[in-house]
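J.: Residue numbers (the numbering used here), protein chains in the order written: chain A, 1423 to 1740; chain B, 1423 to 1740.
Since the hints were made in silico from the structure, they are not lab data. Wrong hints could be hidden among the right ones.
[Stated by the list, open to error] The calculated lysine-lysine pairs, modelled on DSS-like cross-linking and capped at a C-alpha distance of 25 Å, are: (1) Lys-1530/B with Lys-1487/B; (2) Lys-1487/B with Lys-1481/A; (3) Lys-1609/B with Lys-1653/B; (4) Lys-1636/A with Lys-1684/A; (5) Lys-1609/A with Lys-1633/A; (6) Lys-1487/A with Lys-1636/B; (7) Lys-1656/B with Lys-1633/B; (8) Lys-1572/B with Lys-1677/B; (9) Lys-1636/B with Lys-1727/A; (10) Lys-1633/B with Lys-1653/B; (11) Lys-1677/A with Lys-1572/A; (12) Lys-1633/A with Lys-1677/A; (13) Lys-1684/A with Lys-1727/A; (14) Lys-1572/A with Lys-1533/A; (15) Lys-1727/A with Lys-1653/A; (16) Lys-1481/B with Lys-1449/A; (17) Lys-1653/A with Lys-1633/A; (18) Lys-1677/A with Lys-1537/B; (19) Lys-1481/A with Lys-1449/B; (20) Lys-1533/B with Lys-1572/B; (21) Lys-1684/B with Lys-1636/B; (22) Lys-1727/B with Lys-1533/A; (23) Lys-1487/B with Lys-1569/B; (24) Lys-1481/B with Lys-1481/A; (25) Lys-1533/B with Lys-1727/A; (26) Lys-1609/B with Lys-1656/B; (27) Lys-1531/A with Lys-1569/A.
[Unchecked claim] Estimated spans, in silico, between C-beta atoms of each pair: (28) Asp-1511/A with Phe-1615/B: 33 to 39 Å; (29) Met-1600/A with Asp-1629/B: 49 to 55 Å; (30) Lys-1593/A with Asn-1729/B: 32 to 38 Å; (31) Ser-1683/B with Lys-1449/A: 27 to 33 Å.
Cβ coordinates follow ideal geometry from the N, Cα and C atoms, glycine included.
Protein chains: 2
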Amino acid sequence: MNFIKSTALAGLLVAGVAVGSASAEEKTYTIGVSVPTADHGWTGGVGFFAQQAVERLEKAYPNLKFVLATAPDSTRQAADLEDMVTTRDIDALVVLPGDPDAMTASIKKVKDAGKWVTVIDRALSQEGIEDLYVAGDNPGLGATTAKYFKEALPHGGNIVVLRGLPIPIDKQRYDAFMEGIAGTEIKVLDNQFANWNRDDGYKVMQDFLTKHSKIDAVWCQDDDILIGVLKALKEAGREDEMWVVGGAGMNQIVKMVAAGSKQVPVDVSYNPNMVATAIDLTALHFVANAQVDGTMIINSTLITKENAAQFDYPNTPF
Amino acid sequence: MNFIKSTALAGLLVAGVAVGSASAEEKTYTIGVSVPTADHGWTGGVGFFAQQAVERLEKAYPNLKFVLATAPDSTRQAADLEDMVTTRDIDALVVLPGDPDAMTASIKKVKDAGKWVTVIDRALSQEGIEDLYVAGDNPGLGATTAKYFKEALPHGGNIVVLRGLPIPIDKQRYDAFMEGIAGTEIKVLDNQFANWNRDDGYKVMQDFLTKHSKIDAVWCQDDDILIGVLKALKEAGREDEMWVVGGAGMNQIVKMVAAGSKQVPVDVSYNPNMVATAIDLTALHFVANAQVDGTMIINSTLITKENAAQFDYPNTPF
């Protein structure tokens, strides 16, 4: 450390630091991390970034141990949580619930057992359970996208909307988008849930293409859905008719934006590496004198040709 | 790391992790930390926790270097920032501005020079400059305190209010408190700025005691002000007439709450160790694949006799 100026305070405090560090490292803490099995690119990214964070933190802080579990459904995720508490004796849980409504009771049990609880991305159906909530800015994602649509369609146009899953964060995105384009000549021809996955994105877009002969733009809020949309457009030979905006910041989409794609002109950040941020903040509760209970909202930023480089995470699958 | 179950994905990703870590550690990054000189207990805590975080992070991540500076006023803090950019070649700035209005232009210059900027506690007078904002929940501090006052004074009463500095976070606290007690029989006899320091807390409370013969409770929103208030009450021999609620979670006040003090029955958390959280999140931007631009709001929780132990940070000066 390099002090611009040394102060009496600085000298005085060094002893305190040494004592604090020693006592903090005496005890070993176990942090359980529970995330959905990779059923699409975004959840695949979650698993990757979680593992990367765990390996980095175990190296940085030898008194931290981690238990990482991926679950294909809520039954399995609930069983993982129970196992973490009863068998693995975790001190904290970091959880991205696949289905937040179905998982609320199980996560509350972990909290009631006296464990620290960090929830990522998908808010539980009951408030006040978790110590820390980490998510992207979902209303911001909708608002940022709406702002782009208004600028790109100054005279209005016909658009279709593909939504995620019927859970609160989808509603936050959708409501903010609709509020953002209110009062413009932009007309939403149709909106359907595509469940944040490629196959459903493909099917829903095929349906939209059958029903609507003139579409100017597509908002599908998610880069996995977007890949399905692009496939449907290609097969229908209507690639030049409309442009498409997803969301998340998937590598291959960021690269299209960086290359100046007309079909995918922008993206909006909502990166699965928020799981790393959540694991790190949770770790901080055990390795540092730092209050970290609260809410961390990561910006949902418009990714353009100009700033795309900073959203491209090299050597990662997302 | 301990996998509950191994997956094909997990095996596949190990190689990617290794590559990512290696490339992340090749480059050295310098993070400048600028905080006010300790002019009261809270800023003293900021300096302590900043130093502790820096020492921990330099050990955990050898490719991170820090420059830590404390400044007694805005002129000096602005000079520190300029020095960090021009001489120290920082990659990021973590700043707790002593006077956020006076420091906004200087902090904007750091951002315009292409550096990452994290602002702590005191919001700048222009939005959108910083990459990351870390603060306690100031409206929450006012609302949580108001809720306690309503419960403790169910039939109303006379109270006096000592405020901080005339900057936005004081207004957020005050407005939320006033909104919280609206419609009750709680009467605010007087409110004055006490500038988050002990001497002004003492003087303002002396003035209140001279002017008002019957006071049931005091809200002074800050534990440094509170120490001045207690001194004034003791000297006036009116210690048993009223109870006092501060804010921050200073060690000696938390210990009073834990001991069941009638004079200081509760406190509300707003710990200066938020500086550690801010430095850690900033570090994460350089050592991990993690998006950390956004807003982190740390809970302002009511500290009672029952939960006081978890707000007592051993071996720290605050």
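J.: Give a verdict on every hint.
T.: How the hints compare with the structure:
no.	hint	verdict
1	Lys-1530/B with Lys-1487/B	23 Å, holds
2	Lys-1487/B with Lys-1481/A	18 Å, holds
3	Lys-1609/B with Lys-1653/B	24 Å, holds
4	Lys-1636/A with Lys-1684/A	18 Å, holds
5	Lys-1609/A with Lys-1633/A	15 Å, holds
6	Lys-1487/A with Lys-1636/B	56 Å, violated
7	Lys-1656/B with Lys-1633/B	17 Å, holds
8	Lys-1572/B with Lys-1677/B	24 Å, holds
9	Lys-1636/B with Lys-1727/A	66 Å, violated
10	Lys-1633/B with Lys-1653/B	17 Å, holds
11	Lys-1677/A with Lys-1572/A	24 Å, holds
12	Lys-1633/A with Lys-1677/A	31 Å, violated
13	Lys-1684/A with Lys-1727/A	11 Å, holds
14	Lys-1572/A with Lys-1533/A	44 Å, violated
15	Lys-1727/A with Lys-1653/A	23 Å, holds
16	Lys-1481/B with Lys-1449/A	18 Å, holds
17	Lys-1653/A with Lys-1633/A	17 Å, holds
18	Lys-1677/A with Lys-1537/B	24 Å, holds
19	Lys-1481/A with Lys-1449/B	18 Å, holds
20	Lys-1533/B with Lys-1572/B	44 Å, violated
21	Lys-1684/B with Lys-1636/B	18 Å, holds
22	Lys-1727/B with Lys-1533/A	21 Å, holds
23	Lys-1487/B with Lys-1569/B	44 Å, violated
24	Lys-1481/B with Lys-1481/A	11 Å, holds
25	Lys-1533/B with Lys-1727/A	21 Å, holds
26	Lys-1609/B with Lys-1656/B	24 Å, holds
27	Lys-1531/A with Lys-1569/A	41 Å, violated
28	Asp-1511/A with Phe-1615/B: 33 to 39 Å	50 Å, violated
29	Met-1600/A with Asp-1629/B: 49 to 55 Å	53 Å, holds
30	Lys-1593/A with Asn-1729/B: 32 to 38 Å	34 Å, holds
31	Ser-1683/B with Lys-1449/A: 27 to 33 Å	30 Å, holds
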